[in-house]
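Q: The lines below spell out each chain.
Number of protein chains: 2
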Amino acid sequence: MKKLTACLLAGAALAMAVPASAQFAKAEDAIKYRKNALFVMQQNFGRVAGMAGGKIPFDAGVAAESAAVAEYMAKLPWAGFGPGTDKGETKAKPEIWTDKAKFDDYAKKMQDEMSKLTIAAKSGNLDNIKVAVNATGGACKSCHDDFRAK
Amino acid sequence: MKKLTACLLAGAALAMAVPASAQFAKAEDAIKYRKNALFVMQQNFGRVAGMAGGKIPFDAGVAAESAAVAEYMAKLPWAGFGPGTDKGETKAKPEIWTDKAKFDDYAKKMQDEMSKLTIAAKSGNLDNIKVAVNATGGACKSCHDDFRAK
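One line per chain: the protein sequences are A and B, in this order. Mapping the first sequence onto this note's numbering, position 44 (from 1) lands on 36, and the numbers just tick up by one. Mapping the second sequence onto this note's numbering, position 141 (from 1) lands on 133, and the numbers just tick up by one.
The following block holds chain A by itself, in its conformation from the complex (with noise of 0.2 Å):
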């Protein structure tokens, strides 16, 4: 019986800490999240990078799908930027939270250029890929210059 109060309250308790418009039961997972969503996409837009550089043979099929999935990888990695995030293994800069507006501009502006490198790779154009493939470049490195810690 105890068992099953303890249980019970520990139940509340997570119910409490993690409300559904939460989005994870640690700090921990959230800091990773963010890590491992932005792994999984710089992997994808690396390979379209790679391509569009030359160190990778142009392959338009591999690229546009590559583009895809890094699109889309590129939309997950905020909700692990949540309030209480800032401390851990992370290189995350306080400003994130204290210019939250300005952090809130690069991830739109990243996503964006993601979107218009995904239509470049569906075009098959690597003149295209490599105009798009800097535009995004940039919009990751504004954010790393400005809220990563070296």
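These are computed hints drawn from the structure, not numbers from a lab.
Pairs count within a copy or across copies, as identical chains cannot be separated in the list.
Think about it this way: if two alpha-carbon atoms lie no more than 27 Å apart in a straight line, the pair counts; the simulated BS3-like pairs of lysine-lysine are: (1) K24 <-> K83; (2) K18 <-> K122; (3) K83 <-> K142; (4) K133 <-> K114; (5) K18 <-> K100; (6) K24 <-> K47; (7) K18 <-> K47; (8) K47 <-> K79; (9) K67 <-> K24.
Keeping the supplied structure of chain A fixed, place chain B upon it in accordance with the hints.
A: What follows is chain B alone, placed relative to chain A:
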């Protein structure tokens, strides 16, 4: 000139090591990719499972969105199980590569169940969600039992 030649050779070596049909520059990246994709999937699936199990207050909108993300993520890890990715920081058992047909079946089964979960979550009916969560959880478990080291 020497530097340029070295760069060109390095580029050529990379190009040979990474044909467009392959996906990753290093086995280490492939391993990290599949783990990270599975973590992002699990966090989203876990949120829906938490609602189904009464540990997180049910929110139909969040459940539907989380299930959709989990369904998408379920497609990604498999690219990270290519040849040569059996060694390193991984719990993947050798059977993944020696009994690939079975592993692929499990992978397909899990994706199918995840798609059913998205449909159930969209319906907003918690009983349907519970059934689909159990089936999906079962698909995860079968594969972990046979193909993941403790």
